[in-house]
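So the chains spell out like this:
There are 6 protein chains.
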Amino acid sequence: MEQANRNVFIGATDDYEAAKVVLFGAGADATTSYRPGTRFGPAAVRAESYGIETYSPYQDRDLEDFPFYDSGDLEFPFGSPVRQLEAIEARAGEILDDGKIPFMLGGEHLVTLGAVRAAFKRFPDLRIIHFDAHADLREEYLGETLSHATVMRRCYDLLGDGRIFQFGIRSGTRDEFAFMKAGHVITEPFTCRNVEKLNCCGVGKEAELLGGCDVESQPLNSLTPIYLTIDLDVLDPADFPGTGTQEAGGLHYDELRCAVTDIITRFHVVALDNVELNPSLDLSGRSTALACKFLRECLLAMSGS
Amino acid sequence: MEQANRNVFIGATDDYEAAKVVLFGAGADATTSYRPGTRFGPAAVRAESYGIETYSPYQDRDLEDFPFYDSGDLEFPFGSPVRQLEAIEARAGEILDDGKIPFMLGGEHLVTLGAVRAAFKRFPDLRIIHFDAHADLREEYLGETLSHATVMRRCYDLLGDGRIFQFGIRSGTRDEFAFMKAGHVITEPFTCRNVEKLNCCGVGKEAELLGGCDVESQPLNSLTPIYLTIDLDVLDPADFPGTGTQEAGGLHYDELRCAVTDIITRFHVVALDNVELNPSLDLSGRSTALACKFLRECLLAMSGS
Amino acid sequence: MEQANRNVFIGATDDYEAAKVVLFGAGADATTSYRPGTRFGPAAVRAESYGIETYSPYQDRDLEDFPFYDSGDLEFPFGSPVRQLEAIEARAGEILDDGKIPFMLGGEHLVTLGAVRAAFKRFPDLRIIHFDAHADLREEYLGETLSHATVMRRCYDLLGDGRIFQFGIRSGTRDEFAFMKAGHVITEPFTCRNVEKLNCCGVGKEAELLGGCDVESQPLNSLTPIYLTIDLDVLDPADFPGTGTQEAGGLHYDELRCAVTDIITRFHVVALDNVELNPSLDLSGRSTALACKFLRECLLAMSGS
Amino acid sequence: MEQANRNVFIGATDDYEAAKVVLFGAGADATTSYRPGTRFGPAAVRAESYGIETYSPYQDRDLEDFPFYDSGDLEFPFGSPVRQLEAIEARAGEILDDGKIPFMLGGEHLVTLGAVRAAFKRFPDLRIIHFDAHADLREEYLGETLSHATVMRRCYDLLGDGRIFQFGIRSGTRDEFAFMKAGHVITEPFTCRNVEKLNCCGVGKEAELLGGCDVESQPLNSLTPIYLTIDLDVLDPADFPGTGTQEAGGLHYDELRCAVTDIITRFHVVALDNVELNPSLDLSGRSTALACKFLRECLLAMSGS
Amino acid sequence: MEQANRNVFIGATDDYEAAKVVLFGAGADATTSYRPGTRFGPAAVRAESYGIETYSPYQDRDLEDFPFYDSGDLEFPFGSPVRQLEAIEARAGEILDDGKIPFMLGGEHLVTLGAVRAAFKRFPDLRIIHFDAHADLREEYLGETLSHATVMRRCYDLLGDGRIFQFGIRSGTRDEFAFMKAGHVITEPFTCRNVEKLNCCGVGKEAELLGGCDVESQPLNSLTPIYLTIDLDVLDPADFPGTGTQEAGGLHYDELRCAVTDIITRFHVVALDNVELNPSLDLSGRSTALACKFLRECLLAMSGS
Amino acid sequence: MEQANRNVFIGATDDYEAAKVVLFGAGADATTSYRPGTRFGPAAVRAESYGIETYSPYQDRDLEDFPFYDSGDLEFPFGSPVRQLEAIEARAGEILDDGKIPFMLGGEHLVTLGAVRAAFKRFPDLRIIHFDAHADLREEYLGETLSHATVMRRCYDLLGDGRIFQFGIRSGTRDEFAFMKAGHVITEPFTCRNVEKLNCCGVGKEAELLGGCDVESQPLNSLTPIYLTIDLDVLDPADFPGTGTQEAGGLHYDELRCAVTDIITRFHVVALDNVELNPSLDLSGRSTALACKFLRECLLAMSGS
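Here the protein sequences line up with chains A, B, C, D, E and F, keeping their order. Note that this note's numbering has the first sequence beginning at 1011, numbered continuously upward. Note that this note's numbering has the second sequence beginning at 1011, numbered continuously upward. Note that this note's numbering has the third sequence beginning at 1011, numbered continuously upward. Note that this note's numbering has the fourth sequence beginning at 1011, numbered continuously upward. Note that this note's numbering has the fifth sequence beginning at 1011, numbered continuously upward. Note that this note's numbering has the sixth sequence beginning at 1011, numbered continuously upward.
Treat the hints with caution; some may be incorrect.
Just so you know, same-sequence chains aren't split out, so a pair can sit in one copy or run between any two.
Pairs of lysine to aspartate or glutamate residues, derived as DMTMM-like cross-links and limited to a Cα-Cα distance of at most 20 Å, are as follows [said to hold, decoys possible]:
id: 1; residue 1: Lys1030; residue 2: Glu1099
id: 2; residue 1: Lys1191; residue 2: Asp1171
id: 3; residue 1: Lys1191; residue 2: Asp1070
id: 4; residue 1: Lys1191; residue 2: Asp1135
id: 5; residue 1: Lys1131; residue 2: Asp1107
id: 6; residue 1: Lys1191; residue 2: Glu1063
Bear in mind the hints are in silico, worked out from the structure with no lab data behind them.
Sequences are here, hints too, so could you generate the full structure?
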């Protein structure tokens, strides 16, 4: 008799030991202030994955050659962000302690805090590269300090000045932009003045701060661990309508794909996430399809890093 | 120059003092385990109300003759049920202390606990009449004691045995049904055996327990205060698809309307709510339309009680 | 080379002369006060018709045995109700003058006035049988006398007291219900008190007024011409969500089908319409499917009348 | 490290040997003539199942006490009905040969033919009980003999006169109804004349033909093997809009649930199916929710048969 | 007791006197020939506004520093364009007479004619800058002279040759393009030949005609009053699907935002509008979100002009 | 009495003899592996066409000046690809034998094989220009050799090496890309390395292979017959969500329109198609609108070729 259907991302191995990267889902959205539903993101991406190829023509690589493990979704109560973050920190920490790279699928952006805590505990020199439409730098939001709108500020509380690099930001309060301009996080010159779009060469200035690697031939500084967090609403809503707080004027898919695979290839990413897919907001299904292919590209880029 | 648009339920008075009933919205849905979005319920009902008549041919009454006040929505952080319940209890308590009847619009069913606390503090002899597809009697749910799936159990913790009367229940765990059958709450004989549908005469047995009033001529026992909570998913999903956890085989609109207006007319309802409308799940809009007309019927029935 | 696709209702003849009934579309919705789109009704019904059988097991008749003609849709400017009504009156009049029965597909309910004018001019003794959720008896609506909400009042202005028979009404202003209760139109006892649902036997009282025919064997009074107008929102929104102003608690399909085929069979219907399908409000498509099959049943009933 | 997510119907056992019933999905829809998409039915039902309780208050039974196995979905090429039917026959045959009951989830109705072939080969005395809105008795459809519209005719070719019992039929061609009336299949008196709705007592006449068991105390005739096929479009579209060819005037959920659990309890069902859920046609999700709970009820009824 | 919810655009002042700009809604769509629903535009934008920040990082300005007033929506009968235009002209005129700038939210594009009449009566030297996918220059449409498809021709009748400047036009009849090419309105060279996209520098030629201001340092010619009308379907449907007549190949959000804020800053805009948002056509909600943020940018640009 | 509605593409002539191009629909989708529904494409495009102008400002041409014929849709059984391809080959062959150009509207991409067979039989020197997101070069798919995923491989089997020119490909298996790189089809350098977007000048290299025409002044080589097949999923899903297998990072409308009208103008296109519109996947309707306008542009370009 045949086995029942498997429910992991396409191409995942059954051999945990062999895997370099370990996926897990963290479908929490308790603090979402507008149109919740990102909790369905990880399941939607897994289901969709059976409709895509394991091969990427962009990178000329195939998931079948790259062992990664899919450890399934965390189960936790809705309505309890503190306990959700504890569960996330525990799972990410376990993966890190096994010498592997945790790759978390959100859920709302707050989940990043749990994984960042795990990574920071093990890599005190951690930097964060952050793609997002929103600054997420509020001190508090509606009286709460733990929220999708405060998550990068909480990360800042851990890491300190000059260690968070933001791309694609085009929405925030006056206070958040003042905080950026004061240099606590590095967003200049991407958004404050020109709100220019990112391109593949755009990571140059950050690269300098990280130890320099904007010259193609320069070796990656392996002493600088990176947490890479990608809020998919950094994309233009035309490309990615399936997210709760859409901001017109975002990156296009090729821009994001190119920038992120470039960053993964050059830098020492020790943990990463993709968050804020809300499949129910896009009846055409293209947001889930995009998230699925983007995840494949991230996994394949990790295989060569 | 004209005033800006008003945003209250149709027919609401500007004179708080004159009002017998006070509406307020509590659009919380942090613990919703499946398809959140009831937070948009109160706003949807208010917006829809401008498309309906203030007159009910069923009751031959008009909202224009009945002063009620709409005090707007509570604002509270998402992701913090404890604080949400505190805010609800405060608002409902304030209305009760002013000698008025609080009428809360959810939001998920957990919000009922806040209003029940306020009512119970002022009416220690409180009973609850509960319309719902789900028993909501779990001791805990996914490790949490505060949840839409535990709300009636928490109410039971306050009120004790034999004070909660449930109608329309057709879903629950084995443990929840065992709890009912043990007599802690009164659901027999509506669901445990026959899952018979409610009809207008169906409140007879409960009426006896409440002091007896199934004979038309018998005066309402004014010493028995009632909290009336209506989870709109008690309705059949054909009539009301706009709710997160749809259970086939429910009541039809006329059954619910008739039963509820009958209960309001006969009993001493001191506080009430309508919860679990999730407008985004019904693109046809008929769930919001129904909720809006049902609210009108409840308000008009209160005017004669 | 094959012909291009035809675009008429399934089973329509090409022989105008042979037809007893002539369909035409009047997709006007200029005065719709909430969620317009009935203009797409006729096209949706025609397209859908190719997915249904021409045979009705309810009546054991087949459209292939009954010659009717589909004369296509009227084209008229949006935003000009006066000219739309003129075009409708002209088309309906032309069909009547050819000794045939006009069967109009709306469009909003206001279109009925045009066809009633044409019929009244030729049958001064005309009565109207009216199925609807709404009384449509306002003297004016938002300052306009021509509106979907006033259409039956305008018909009343033509026909006078006691000639309009309403079924299924469950929404209106206090003034409209007062107008009914004063006996200007015949709605008692269907809605004013009990809002009872119609059943097949329910036309008895009206039948008496029309000359009596509630006894099965009694011949149809051929001297009493009837205009039969069916606003499909008389149906329950669970059965028929595809309409702009949904009223919970309506008729079910079998009730309406049975009542209408019974009326057509017994009485002398000289013109009729089906109005207020708005296909875009029902993404499941079942409203259009129902409207399509209901139209088939009406056509087949006409064949035996 | 935790296991990856499982993807079977809730409550399924891992122990194939212990199982009495074996679920499998056959998501084929190649011959669907209008709005395909039933191929997504099995996956949707499995995913939804994690939102329901394993306990049924209707039957007071729990899936946790009843070992069934979920063997996953068949994979086959789209566009090749012949090969799809071969794959289905093979899977169903294998399950039957293991002494278990195959329970197939469609897919379009044509899949039933594969499973009926497997059952008929092993039970030459097989009868079929068939719930459907459509007769499915065409000799051919658009030139093809294998189609969702011909499936019961192909089953008739195998079984012969008087062995197929149809319930709920309300749509078909004149020829199909003539075929019924000629007695080749047993639909009288359910549809041909009155199109009456089925009720729990309605299986009496069929029961007689099957050996008699309409008296409660009479033992089930264990010599008469039954294939039970349920096209979910037998339900009213108000209850179940998520199907490709909706027919107004159908059964309500409680009617179907009651009739089917009654049949399963009384008769010797050797194989069964639930077909024609198309989740994409019901954005509210209630059709999938209903199909999921109906499947639970069928499984629980099997446990006691 | 708290106040009921307010229903104005976020950041609006309560002090009419202090306001420089006055918003009002004109949700008319009676002449819409295809997919009406823009009547819901103003309400959707107001509701959405509570989810955005009052601060714009593009302009580094905050609505809290800029007093504008929201005077609510006009109420008028549907189906009567003449009276709708009178009501619009009256409201816009009243605002102009108070020395303020009327900012109208449509509604279909025909509403622009009412506001242009008011502005032209007070500024006989008026020019119109017009962003749109469609020329809207028909002499009549389906026999009507007042229509969304004729609105700019009616404006031309008032203003005369060479006073209307069109951007983004990519759809029209041969006659409309001939009218442009004859120089009655100024669209050359943007659309007639190359259908090139607009960029921020693109207003140069128009600037010359208006008195010259394509040199950054040149002061705005304050003697040339401008009516600025923006049909949001000038945007690409990928960015803005929520409009009734979508034309592929349009402007992207950043292009429009940049061009319009540039125009507002340089020229003497005396009245303006944003029209043709139809929220029901975009279930993802991003069109309403975009319209809301674009309105914020327009308001903030007015504050500095 | 007026004629019934016509149902052909806007501007089509009634005079078959006069037509240079003959449209026909082939709404087959039996082998679609994910989200079928392209069968509704041709009907949706025809219905939509009545909302667009016959004039193109891009080409300054009008369909009214160019006689083309619309011969309607093929009717064939679903679930039988072999017979569908036979019907398509017959229709396309008949049109070619009449000295006209067949223009097929899909349907899934497999339909192209039928028309290519007809063209190849009459033009043995045939080349194919192929726009698509997917290579469609699999040897087999799920065990079937006839499938939307194998269609270009089957065309290759007919035509042989170096005769298929692919644009826009960004998805496929490792084997398919190896097949391209081996030179069997010409996709270098568009996708294999850089996945660069196509621009109007991009056909240069192919032009050389076809006989050279990348220099503007060089006359078209009339000896090289071209079959032009355009899978609309070559477009970016932001522009065209209405297709079953969306691939982010595609062409924008203006890029495709420009490239295709350029190719038609320069080369000797003897047959062509537009395939893979699935209208039900795009509730905003913009995909159908785009497909409709793109078809107009193709027809107008043919008029000048």
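Identify every previously stated hint that the structure contradicts and give their numbers, smallest first.
4
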